[in-house]
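As they're listed, the protein sequences go chains A and B.
Counting along the first sequence from 1, when you hit position 88 you're at 88 in UniProt numbering, and nothing is skipped either side.
Counting along the second sequence from 1, when you hit position 7 you're at 7 in UniProt numbering, and nothing is skipped either side.
It should be emphasised that the hints constitute simulated quantities derived from the structure, not laboratory data.
Incorrect hints may appear among the rest.
Unchecked claim - Below, a sample of chain B positions facing chain A; criterion: calculated Cβ distance under 7 Å: (1) Thr225; (2) Val249; (3) Ala358; (4) Thr419.
Quick caveat, the model's predicted, so the values are computed rather than measured.
Glycine residues also receive a C-beta, built at the ideal position from the N, C-alpha and C atoms.
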Amino acid sequence: MTRFLLRRLLLAVPTLLGVSAVVFATVALVPGDPVTAFLGPGAPAEARQALAERIGLDRPLPVRYLDWLGHALTGDLGTSTSTQRPVAALLLPALGQTLTLTAAAFALVLLGGVLLGTLGALRPHGWTRRLSGAAATLAVSAPQYSVALLLTAVLAVHWRLLPAGGTHDAFGPGGTGDLLRHLVLPATAAALVPLGLTAKVHRAALSGVLASDLADGLRARGLGRAAVLRHCAHNASPALLTIGGLQLAYLLEGVVFVETLYAWPGLGRLLYDALTARDLPLVQGGVLLVATAFVGVNLLVDAAHAAIDPRVRS
Amino acid sequence: MTQHLRIRSRAAAALATAALLAATGCASTSAGGDAAGGGGGGGGGTLVIGATGKLPNLDTVIGGAGFEGKRLLSFQIYEGLTRYELLKDTDKPPQVTGALAESWQVAPDKVTWTFALRKGVTFQDGTAFDADAVLFNLHRYLDKASPEYTDALGAAAKEYAGDIASYRKTDDTHVELVTSSPNGHFPEDLAHVLIASPTAVRKSGSANFSQHPVGTGPFAFASQTEGQQVDLVANKDYWRGAPRLERLVVKALPDPAARTAALRSGGANWIEYPNPDDLESLKADGAQVLSNSYDHLWYWILDTTKGPWADVRVRQAANYAIDRQAIADNLLHGTADPAYQAAPRATAAYDQGDDRYAHDPAKARQLLAEAGYPNGFATSVTVPTGGSGNLLPVPITEALQRDLAAVGIKVDIRTTDWTTLIGAEAKGEVALGSDAIAQSTTLFQSEALLPLFIGSKSPFWTGHYANAKVDELIATAAANPDQSARQAAYRTALRQVTEDAPWLFVVNDRNPRALAPSVHGLVQPQSWFLDLTTVSVTK
């Protein structure tokens, strides 16, 4: 088990290196430069030169990359060109916001996905199966942007039950309850597609196990429905884990539109703004952070997988 | 003269930066109101403004990529020696008046300015404002040897303070600033050179001052969620009288649908630039929609050295071919006015009698025929996909494409993002190599910027328009301390530009904003900037 995890951990290093190199090169190739984006097109040549030197744009790309990598290893991700603030100081609060939103959405995905999937698997021919199947299909295929707008229009604008955006009410004192209220709409919008997918995968896996000899054997031994379901769910859980891990990673980086639509100050929005401002240090630091989170989630999923399924370890 | 032009164009370049960035869709800042404004103090509730772009770095002049935060934040926290008067005479472009300076005079040498500082003003942290505070800030911006100087500050300050050659205090309430060449609009430039509390800068350190900004403006910094929301509170000791609001919150809401939803759901009680399509329904729901003309122009820069555009008759023909009123009415729902000439309506250079280019396709065809293009020609334009100062760039361009096709000018539309477009412009290039650029610019009221827009010494001279008469008029005017003489010269220069038609003049934006019924007392000036001291919110 330890060896397995160690190997996975070592594999993460070249992955992250590769990601950072590709991002560095790609961002450098995008037209439009950070000096112009920050100083504007009419800036005096000497000011442009000074800024270019200060952020190191006058040196060759590989040298800049190695320099950046060296600093990144010590936790110094440089200074954002568009805001003149340390990159880490911008990324960490945004990461916190994204993790909050992701956690809320992921809770919905697991809860809803398992519920719908189980409902669908329990009675292969009943109306619950059709209903849960339809709900899952709707969640996957409904255009997220329109659903999000519709939810906002009805729940926030028309009935004024929930806030339309942001993390807390600017008129009030804030607090956890306020944060939870603000999480409902963005988390729901972000959860829709992964929830539908998770439901479908879980239903298929659970149906398979319920129809297998294992389930027949359990029933033959006189176990009740609930006990059979519990054992079968355990056997179906690797599939749930795999899809859940994938969806979690998807949520981490896929919430950009949700963050924009609901003015959620997370990583996605920060990176989008950074890209439009050609803020290279911020983009590079942000992508590295997201990639690290992605690799980390995968590592966790692998570890969990190995823990519940001995076959994976060998 | 060469030296003079070089220096002016540098300072102007810096300002132009600001102007173009402003057009990218940030909010702008407002100087305070007038001495009679404000007052009342307290009890005025909380104003939550949904802004269209990112929020700026709050360290004085730095701002960053975007002017929206400047209108709503930097100018609320800080003031310069001068400010725009935004509460009086709102049917005319704003005048510059005293802020931290009460009065000023220029010596006969036209470069030595003496400013008499306002007495009894304190910063929001209680520090007294005096001549030493002015010197401290100028050191911080201009003197690389100052411990508080940073490259970012230096680069940003060049935009507005770039031609200050020397400065000193003559006593505690007087400072003397010397410009490197005569600059008639120096007092206006100084409205942008913001003054921070020296005590606060030393306390937080120059690099961290953006986290603890302190100025003399009507609102004091309280807290922020970086880049997303800034909370300000009323400066009860503001020298013009405490603002009526208790709190001012600015939120970044870049998505137009999110802004509209925020206003409707009560998450904000003021939104900047609502989607024109939403205006009718917002009004039906009781929202107040306010707008006023300001110094904005949406236009195409035609490359006057390329193909048919080199012929003035062709450029005039294009200007006669387009139906600006239809664009203003149908596409923009009255949030913009048709622009029939080079000078935006809300500038001293605007002359109604010079509204030359009515919609006249017959005349356009005749001019094209005279120029040797009876069957028209094919051309191309690069259009940015966004930028709130750019209104609805692609739909407007498509409307223009239809109008121009009607007289035989076939336009190939090439879209790109705004950063790419201005990045190329900075190098004097047109992104995607088109014959024209579609864009918008504001701050035509800023005299320092005029040479950039219409002079041949502009650093983003992509249209290659050059008229020696225009250059001469602007250069001579800029050095003249007499404002009315300067304005007369600008009017003459812009009349010439209108006739030469180096651009396709399209519309002047009206700066629309939507306010909840509970918001009262906003005075909307003919300016990019706002005075929020008279605003209050009922509970």
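Comparing the hints with the structure gives:
Proximity of Thr225 (chain B) to chain A holds as hinted, the smallest CB-CB distance being about 6 Å (cut-off 7 Å). A cut of 7 Å between beta carbons decides the hint on Val249 (chain B): the least distance to chain A is about 4 Å, and the hint holds. Annotation: interface hint on Ala358 (chain B) violated; nearest CB of chain A at approximately 33 Å, more than 7 Å. Interface hint status for Thr419 (chain B): upheld, as the beta-carbon distance to the closest one in chain A is roughly 4 Å, under 7 Å.
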